[in-house]
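There are 2 protein chains.
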Amino acid sequence: MNLEGLRVMGIDPGLTRCGLSVVQAGRGRQIIPVAVGVVRTPSTAELSERLLRISRAVGEWMDDYKPDVVAMERIFERGNVSTVMHTAHAVGVMVLAAAERDIPVHMYTPSEVKKAISGNGRADKKQMTAMITRILGLSEAPKPADAADALAIAVCHCWRAPLIARTNQLTAKAAAQ
Amino acid sequence: MNLEGLRVMGIDPGLTRCGLSVVQAGRGRQIIPVAVGVVRTPSTAELSERLLRISRAVGEWMDDYKPDVVAMERIFERGNVSTVMHTAHAVGVMVLAAAERDIPVHMYTPSEVKKAISGNGRADKKQMTAMITRILGLSEAPKPADAADALAIAVCHCWRAPLIARTNQLTAKAAAQ
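Going down the list, the sequences are from chains A and B.
Residue numbers 21 to 197, in this note's numbering, belong to the letters of the first sequence in order.
Residue numbers 21 to 197, in this note's numbering, belong to the letters of the second sequence in order.
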């Protein structure tokens, strides 16, 4: 399964800070960084205004970088309830932005991402940042943390995508028999 | 504070079933029903596809009925976590649809809605449906339940709006002094 050239947009979702990245699969396990950034919305602004800003920023990234697929961190109900709800609203808006452009979305749990990148589902932020910096051949660590997370999610998808594609092929084959 | 003619869209949010309504404020406490319906999305479909359908349906209602304001039920973290998350994604998409059209959104808790309609924050579904049927002068009860809920949320806003407007005026006046 050759996925060279596959362009993945990674999203670490949030309403106050949302990490965005774009990477491209190279030969073998090689991955080329294309873009990384963070969208912020002021917590003093109305929810409508904040979702509108997120939607526009993410839509612009999709239009500019034309990813083949979006990989997003799956959110959990843990932690502050109001923050989780806000993040869930933002996720809805970003999944919609992808759907409107016919871009498929894959979700990964934080431990799936950690495992894919570092081999350890419980790796800490420092380890993850060091791995991502090395994998992408960056001269320094990506900042802020949300940006590094967004890159990790995109890399995770690049490495999982061949397996997903192979599974889909086998499922289709089995269904056709 | 005269709000005669104010057009309110009521939304009882959900991903599987989403109740929608439009009402218009008449003289005094009179309220005229304009439209009521339910948008459904199949639970077998992908999240992207479901959010896209909700977004388009709600957008069409907004474009067709041109509400001055949207009133929505505030969701809680109680109940099945996956359902709550799905509803939160749908809320994000619907708040965005309103924001893109410059329509303000107000949220009300279920007990605020019940209290406004029936005088009792713990009224049951049967009491609420009977009250809504009477308030709107309908010949029979609106169906299904989500449709009745969407009407109740819109009526709640019609009756609360004069108070909200008065409070905003007083706040603005105080700030100007």
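Just so you know, these hints were derived from the structure itself, not from any lab.
Some clues are possibly wrong.
What the hints assert, rightly or not - Each pair of labels, with its calculated beta carbon distance range:
{"#": "1", "chain 1": "A", "residue 1": "D83", "chain 2": "B", "residue 2": "T36", "range": "29 to 37 Å"}
{"#": "2", "chain 1": "B", "residue 1": "E69", "chain 2": "A", "residue 2": "R49", "range": "29 to 37 Å"}
{"#": "3", "chain 1": "A", "residue 1": "I52", "chain 2": "B", "residue 2": "L190", "range": "57 to 65 Å"}
{"#": "4", "chain 1": "A", "residue 1": "P124", "chain 2": "B", "residue 2": "P182", "range": "41 to 49 Å"}
As the list claims (entries may be wrong) - Simulated coverage check for chain B against chain A, where a stretch passes if three residues somewhere in it have a Cβ under 8 Å from a Cβ of chain A:
{"#": "5", "region": "70-80"}
{"#": "6", "region": "164-175"}
The C-beta atom is built at its ideal place from N, Cα and C for all residues, glycine as well.
Hints, verified against the model:
no. : hint                        : in the structure
1   : A/D83 x B/T36: 29 to 37 Å   : 31 Å, holds
2   : B/E69 x A/R49: 29 to 37 Å   : 32 Å, holds
3   : A/I52 x B/L190: 57 to 65 Å  : 58 Å, holds
4   : A/P124 x B/P182: 41 to 49 Å : 47 Å, holds
5   : 70-80                       : holds (count 3)
6   : 164-175                     : violated (count 0)
Of the hints listed earlier, the one the structure fails to meet is number 6.
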